[in-house]
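Undergrad: The lines below spell out each chain.
There are 2 protein chains.
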Amino acid sequence: MKYCPNCASLLTIKIPDDDSRERHVCESCGSIHYQNPRNVVGSIPIYDNQVLLCRRAIEPRHGYWTLPAGFMELGESTSDGAARETLEEAGAHVDIGPLYSLLNVPHAEQVHLFYLAKMHSPEFSAGQESLEVALFDEASIPWDELAFPTVKQTLEWFFADRAAGILDGEFPVRSRDVLPSEKI
Amino acid sequence: MKYCPNCASLLTIKIPDDDSRERHVCESCGSIHYQNPRNVVGSIPIYDNQVLLCRRAIEPRHGYWTLPAGFMELGESTSDGAARETLEEAGAHVDIGPLYSLLNVPHAEQVHLFYLAKMHSPEFSAGQESLEVALFDEASIPWDELAFPTVKQTLEWFFADRAAGILDGEFPVRSRDVLPSEKI
Numbered sequence: 001m002k003y004c005p006n007c008a009s010l011l012t013i014k015i016p017d018d019d020s021r022e023r024h025v026c027e028s029c030g031s032i033h034y035q036n037p038r039n040v041v042g043s044i045p046i047y048d049n050q051v052l053l054c055r056r057a058i059e060p061r062h063g064y065w066t067l068p069a070g071f072m073e074l075g076e077s078t079s080d081g082a083a084r085e086t087l088e089e090a091g092a093h094v095d096i097g098p099l100y101s102l103l104n105v106p107h108a109e110q111v112h113l114f115y116l117a118k119m120h121s122p123e124f125s126a127g128q129e130s131l132e133v134a135l136f137d138e139a140s141i142p143w144d145e146l147a148f149p150t151v152k153q154t155l156e157w158f159f160a161d162r163a164a165g166i167l168d169g170e171f172p173v174r175s176r177d178v179l180p181s182e183k184i
Numbered sequence: 185m186k187y188c189p190n191c192a193s194l195l196t197i198k199i200p201d202d203d204s205r206e207r208h209v210c211e212s213c214g215s216i217h218y219q220n221p222r223n224v225v226g227s228i229p230i231y232d233n234q235v236l237l238c239r240r241a242i243e244p245r246h247g248y249w250t251l252p253a254g255f256m257e258l259g260e261s262t263s264d265g266a267a268r269e270t271l272e273e274a275g276a277h278v279d280i281g282p283l284y285s286l287l288n289v290p291h292a293e294q295v296h297l298f299y300l301a302k303m304h305s306p307e308f309s310a311g312q313e314s315l316e317v318a319l320f321d322e323a324s325i326p327w328d329e330l331a332f333p334t335v336k337q338t339l340e341w342f343f344a345d346r347a348a349g350i351l352d353g354e355f356p357v358r359s360r361d362v363l364p365s366e367k368i
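Protein sequences appear in the order of chains L and U. Per my numbering, the very first residue in the first sequence carries number 1; after that it's consecutive. Per my numbering, the very first residue in the second sequence carries number 185; after that it's consecutive.
Certain hints may be false.
A few chain U residues facing chain L, derived, Cβ under 10 angstroms [to be verified]:
id, residue
1, 192
2, 211
3, 293
4, 361
These are computed hints drawn from the structure, not numbers from a lab. Positions of the beta carbon are idealized from the N, C-alpha and C atoms, including for glycine.
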């Protein structure tokens with residue numbers, strides 16, 4: 001961010017009055033342009049004990065497998081965004097259930113949120129951002145070809161919790177911070 | 185957003201190739217400027233069965249009471265942001281516990297997240313954005329003078345769950361969407 005989106009003047013980086021952090025400030029029109037982390041919202045789509053994964057057709061991590069997820073859009077809720085991404089990337093209609101995991105990725109300026117989701121039917125298809133989409137049982141998950149640490153961690157938690165019968169009752173959101181060193 | 189933050193050219197609003205929504209696109213340098221909802225992170229600071237509230241010194245809702253909360257900053261996690269806001273607005277050091285509530289406010293393009301938090305001591309002080317800060321037991325909560333529906337809903341859930349003994353065990357995140365019509 002170099003120029004003011006409101007008036008096209010060159011921006012200054014400074015700490016505004018009554019603030020404690022450097023911001024992009026326009027000395028010309030007086031506006032302050034805050035920057036904040038973005039939410040990535042997605043789902044764990046389940047059909048008949050299998051989980052639906054997408055193989056990415058875009059960078060980063062082209063060719064690797066992911067849970068359907070993407071940036072939350074203005075005007076939608078986290079759960080609506082998760083359902084939308086599941087339909088867009090995997091062609092699957094789901095009923096969104098409870099929030100399952102919240103993973104902070106501070107170095108990427110992102111928060112990843114995954115919802116449990118029930119597929120209406122075993123129908124799915126690769127969207128524009130997916131090379132292919134497939135249902136996997138636990139034994140066939142491509143652990144060495146997963147796209148992101150937040151997806152790997154969410155799947156690990158999910159299968160452990162399912163085996164322990166925890167998902168049948170009420171359970172807390174699984175949550176942790178992801179470190180920059182965590183590359184798959 | 186009128187001008188490109190990268191090159192100061194006038195922006196065009198259009199649907200980019202491989203997208204389905206209108207974005208702010210720069211025809212000059214080719215950049216697409218996405219806009220996404222922001223997270224407001226805060227805490228429910230507890231000391232000796234009382235909850236710490238702040239009376240707002242800033243708009244919106246100047247003079248009304250709120251849980252300490254504010255916009256999540258780049259480079260921090262949701263829980264770190266909640267602890268930071270609690271210190272900045274209420275002068276209180278807390279141990280952040282589990283995520284308690286997630287409220288979507290689509291019309292405000294925000295997601296509000298509140299964490300349970302234990303105060304280290306009954307010490308607190310009004311920060312720059314607070315007129316005063318005080319501990320309240322359930323009977324003395326100023327229900328008619330709360331700043332935001334997400335704060336009111338979180339406190340209602342909290343006292344009901346505490347009375348039911350739910351907070352002693354594991355519990356799911358309380359979550360719902362807030363409607364534009366919900367003004368306090």
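Undergrad: Would you mind marking each hint as holding or not holding in the structure?
TA: How the hints compare with the structure:
1. Restraint check, residue 192(U) versus chain L: the minimum CB separation of about 4 angstroms is within 10 angstroms; hint holds.
2. The interface hint given for residue 211(U) is broken, as the beta carbon of that residue sits about 15 angstroms from the closest beta carbon of chain L, more than 10 angstroms.
3. Below 10 angstroms, beta-carbon pairs count as interface contacts, and residue 293(U) has one with chain L at about 5 angstroms; its hint therefore holds.
4. Among the interface hints, the one on residue 361(U) holds; its C-beta lies about 5 angstroms from the nearest C-beta in chain L, closer than the 10 angstroms criterion.
Violated hints amount to a single one, hint 2; each of the other numbered hints is respected by the structure.
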